[in-house]
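Take the two lone chains and join them into the complex the hints point to.
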Amino acid sequence: MKPAPTHAAAAEEFLKDSERSHWHDETLWHVRSKRDVSAQKIPEWEQLRTLASQIKDHVLSNLDTLLLQFEKNATANGIEVLWAKDAQEHNEHVLRILEENQVKQLVKSKSILTEECGLNHFLEDKGYDVVDTDLGERIIQFNKQVPSHIVMPAIHLKKKEIGAIFHKHLGTEEGADDPQYLTEAARQHLRQKFIHAHAAITGVNFGIAETGGFVVCTNEGNADMGTHLADIHIACMGIEKLVPRAADLGIFLRLLARSATGQSITNYNSHFHRPRNGKKMYLILVDNGRTKQLGREDFRNSLKCIRCGACMNTCPIYRRSSGFSYNSTVPGPIGSILSPGMDLKKHSTLPFASTLCGSCSDVCPVKINIHEQLYKWRQVITKEGPPQASKKWAMRFGGQVMSKPRLFDLMGKMARKSLSISPRGFVYNSFNAWGKHRELPEVPKESFKDWYKKNRNQ
Amino acid sequence: MSSKERILAAIQQNKPDLLPLPEQPEFPYDSDLPAQYAIGLSGNGGKCLEVGGPEEVLAFIKEHFRESQMIVSLSESVPGNFNVAMAEDPHELEHVDLAILEGDWGVAENGAIWLPEEKLHHRALPFIAQHLIVLLKKDRLLGNMHEVYARIDVQAPGYGVFIAGPSKTADIEQSLIIGAHGPRSMTVFLLD
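Chains as they are written, first to last, in the working numbering: chain A, 1 to 458; chain B, 1 to 192.
Same shape as in the complex, but just chain B (with noise of 0.2 Å):
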């Protein structure tokens, strides 16, 4: 008898009578939700700023990073200084300072944006960067986890993931620390 036969034969013995599946209920959400964003994106020490248009999102790189710092951007509208395509391997990824992603969903009242593969390019791309940057746009936000997986198809991509901010830990004494192995910094910009 294989491990899988004698696992499941001990559950058929064991297992109580089937219990029901309940039911999805919705939960509304009324909030105004890019306020709610940006408090639930800095709970979790994210910055979330609303912005007109992409030339602020340059301005602040501008301001924020320097022409010889590693900028890998997946967005038109906000350009970088090295193209992505050419990294075969995500340890080629090792040396970026700043990852701009254009995000699909925010949900308001945690922060966390789904990324699904394809706007990752490499799924290492928004762990391995230093600094990340996701672009919204405010009409892709939603109130709540609820309302996102409602929406897509985790199965679609071999790969998807609702990050909420930057890297962080508390391991030494409880004390939050930003920039546990992953981005040091995670700034959201909610566009019109």
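The shape of chain A in the complex, shown without the other chains (with noise of 0.2 Å):
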């Protein structure tokens, strides 16, 4: 198998087209802004953080009680709770319901969860046809892509892509990129699929322990639409997403909209207790890998994640490399500490995809302290990694020169003459990774202590 690309090389490519880079960069600090705003209408935002940061603490501290309260509550309710350690037996059980209840047509609304576990491509393998409902996932699956945002999927498309995909797939007029046409197209489209359904999928945002429901949260409500007129529902639901009770989730659906796209509350916000009279629920709870993030003390508290995509938002790094970059089912800051713990080798470079600037942490409303992870991260791979040359030796080289203040002048003096006098190709080669984009600044003529030298009698 070839190796997947570093991000750096990743982002390379997104980066070759300016207009959609600099339009992507733009909009997603737009919904960051408007994260701003809506935050600070709530004069206890910082509180409802740290509760909601306590609570997650508690819940990851507590997991195997809440999940066997919850699958206690969850079956005495009638709802089926099948258990899975990894992608594969997710994978598997949600095919044996499939078969086992004879569905033919099935639809699914948004899960990062399924696509974690490859979902899609395994049930198409088998034969089946499965429609991703939610506009965004749509049009990336007509267009064979994945998630670039976990809240956003289809954000690395412009309108006339998403037209020219619409006009192969759903017939729309050539040429035709109006969203108001286009998303009543997919209207139409969708709704002959949920009409015909026998099964739906849908991801879990958050499990209640004590009542055995869980509540999932849409603006479209294709969830609803999906699960209310299928006989069977399959609900994917990863170990972490539980809170302890009911009304944990006054804080969480607070803090959940506002901080993935500034608006107060998802439209929908639906809690699933029990199937409709003789209809079928099942929920699938899903390990792959989450409890050996748990035994990792200082990545434990990725795990608190309510995948609202904040850190994307606002990441500096993000917003100009986009989601394909990161390779990863979960892109962006959050990604970067998550996918390192399911496979470190093939995410080596995500930690390093940062400034460490800790706008991640500062937007979080868990309170992941996502750049110290990242930190740590870099430490790991740096220890456990392939030893890279170039950085090393730049290291042991800029510790003598800094360590010796005669040498350190001497090099200033030689640097500022050599690069005053330099050709153009010299500086700016490919071995000047940070000056393939930007302007080194102008050569002083003399160092700050020279000048301090003169001028502080002054």
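Hints may be right or wrong, so weigh each one.
Not the full set, but computed from the structure, chain B residues with beta-carbon under 7 Å of chain A [to be verified]: (1) Ile-7; (2) Asn-14; (3) Pro-16; (4) Pro-90; (5) Arg-123; (6) Ala-124; (7) Met-145; (8) Tyr-149; (9) Ala-164; (10) Thr-169; (11) Gln-174; (12) His-181; (13) Gly-182.
In silico DSS-like pairs for lysine-lysine, Cα to Cα no more than 25 Å straight-line [stated by the list, open to error]: (14) A:Lys-436 / A:Lys-16; (15) B:Lys-4 / A:Lys-72; (16) A:Lys-280 / B:Lys-119.
Simulated from the structure, these hints should not be mistaken for laboratory data. From the three backbone atoms N, C-alpha and C, an ideal C-beta is built for every residue, glycine too.
Right, dumping it as structure tokens:
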């Protein structure tokens, strides 16, 4: 198998289209700004973040007990609960449910977990036509892509491209790219899918231990259109998605949408506790590496994530490099601390795709110390990973120069001289990654030390 | 060893020492609730109208909908023209133009309305209808989500939903479009 490209190499691909990358950057920053306005309207915002963080701390420290409580209550409610140690077992559970119930048509609403498990491909290989019903997900499904953002899956595409995709798959007019027109076409197309579906697969935003129910949030209403018409509802949930009490939802629902897009709440927040009369509801609890992450003290906190995407919208690297450059189901800062836990080798460049500015940690609604974990992963990777000769020698050289003041002065003088007389190609070349898209600052005539010596008596 | 046992054993081995579950503090909310509710709902793409009585709701429906359209009402004070009890299967609601429901609780802060299953008849109704009207008594307005959760038992109905606006999406270049799959409009009437 071809090794995954490094984040930097993949980002370079995205940056070739500078118009698109600028649009991407500005659009996500706009979403981040809306988040700020929305958060600032809540006087107790910081208190809510602290509470959410503490509740999730408790959940992680008591996860076994809460899962058993959840299973017991859900089972009593008439939900069939299944456990899956990994992606494979999760997918097999889904397949078995579909086979047992002789399901032919199925619809799916957004679930990052099923992306993580590769469910669509697995089912398609078995001959099923899986229809993603979230508009953004349907677009990228037509385009044979994966989501580039966990909340805005098709944010990497422009409306012209979406118009072309819909022309090909839905027969919309050639060249038509009006979002209203395209959305209406998708509505008509997907309504037929909803009407004829036998089973609906959804993700889970929150599982409630004390009541054995779960909450699914959407703006489109697609999870509800699917589940309330189909005979079978399969909900797929990571084991860390629990909250202990129904009342905790008040805190999390106030935080989730405001953090994600700046809206005060998602338009549909559905609480499922029992299947419809005579219908079936299944819930699959998935580990897939989560219990391992729980055992890593430095990285445990990443399991508190409620998948709002705020860290992506604020990240200067994500905004300029797009989700695909991360090559990971969950991209961006949170993905860069979750994915190395799943496959350190494959994702070894992700913790370096950060300026460590800390903006991700500042906006995180459950106060995950994302940038600190990025720094910690760097230490793990540098120790365990393959040696990077250029970095090693640069560091050693830098250390030598910095520790000897005379050498430092000399090197400074030489650099000022040589930079001012060197031809451009000598300074800006493939060895100077920093100078690829940037100009070096103008070379000063003298060092600060020399300037200070001359001017200190004034 | 079953997967359940393996997962639980791994958690027991890897989890940190027990950390306390914080108490739920109260967050008092003292705005003008109907006015704040209207702002909250409009922020989500819905429309709020304060009216004196159900006759004003009827007048609104007459103005915006035709007799020939399929109207399902679960409110006794505002009649529809299709008896939802006749629909055994939710698929029979495919062509509903307007659903009229009575809300249980409203949230001023964000415009959401709590609708437990018994207020829906079919769970699909508020999603499959082309337009949605919800009637809510002003004394059922609360400040924020915490106050609602303190008053409801989420487990009592098999299903319950906070609906805070019409079906919407911004998945194409972040352009806001109302009417993704479900209702193309949501109008809430606040009654005395």
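So, going through the hints one by one against the coordinates:
A distance limit of 7 Å between C-beta atoms decides the matter here; for B:Ile-7 the minimum to chain A is near 5 Å, and the interface restraint holds. Because the closest C-beta pair between B:Asn-14 and chain A is about 3 Å apart, less than 7 Å, the hint holds. At about 5 Å, the closest approach between the beta carbon of B:Pro-16 and any beta carbon in chain A falls short of 7 Å, and the interface hint on this residue holds. Of the supplied interface hints, the one on B:Pro-90 holds, with its beta-carbon coming within about 6 Å of a beta-carbon of chain A, less than 7 Å.
Because the beta carbon of B:Arg-123 sits about 4 Å from the nearest beta carbon in chain A, less than 7 Å, this interface hint is met. Interface restraint check: B:Ala-124 against chain A, minimum CB-CB distance 4 Å, threshold 7 Å, status holds. Among the interface hints, the one on B:Met-145 holds; its C-beta lies about 4 Å from the nearest C-beta in chain A, closer than the 7 Å criterion. Interface restraint check for B:Tyr-149: the shortest CB-CB distance to chain A comes to about 5 Å, inside 7 Å, so the restraint holds.
For B:Ala-164, the suggested interface contact is upheld, since its CB lies about 5 Å from the closest CB of chain A, less than 7 Å. Nearest Cβ of chain A to the Cβ of B:Thr-169: about 5 Å, under the 7 Å cut. The hint holds. With its C-beta approaching chain A no nearer than about 6 Å, B:Gln-174 sits inside the 7 Å limit, and its interface hint holds. Evaluation of the B:His-181 hint against chain A yields a held restraint, the C-beta minimum of about 5 Å falling below 7 Å.
Nearest Cβ of chain A to the Cβ of B:Gly-182: about 4 Å, under the 7 Å cut. The hint holds. Between A:Lys-436 and A:Lys-16 the CA atoms are separated by roughly 12 Å; this keeps the pair inside 25 Å, and the hint holds. Distance check on the hinted pair: B:Lys-4 and A:Lys-72 sit about 13 Å apart at the alpha-carbon level, within 25 Å; holds. This hinted pair checks out: A:Lys-280 and B:Lys-119 have alpha carbons roughly 22 Å apart, not beyond 25 Å.
Violation of the numbered hints given earlier is absent; every hint is satisfied by the structure.
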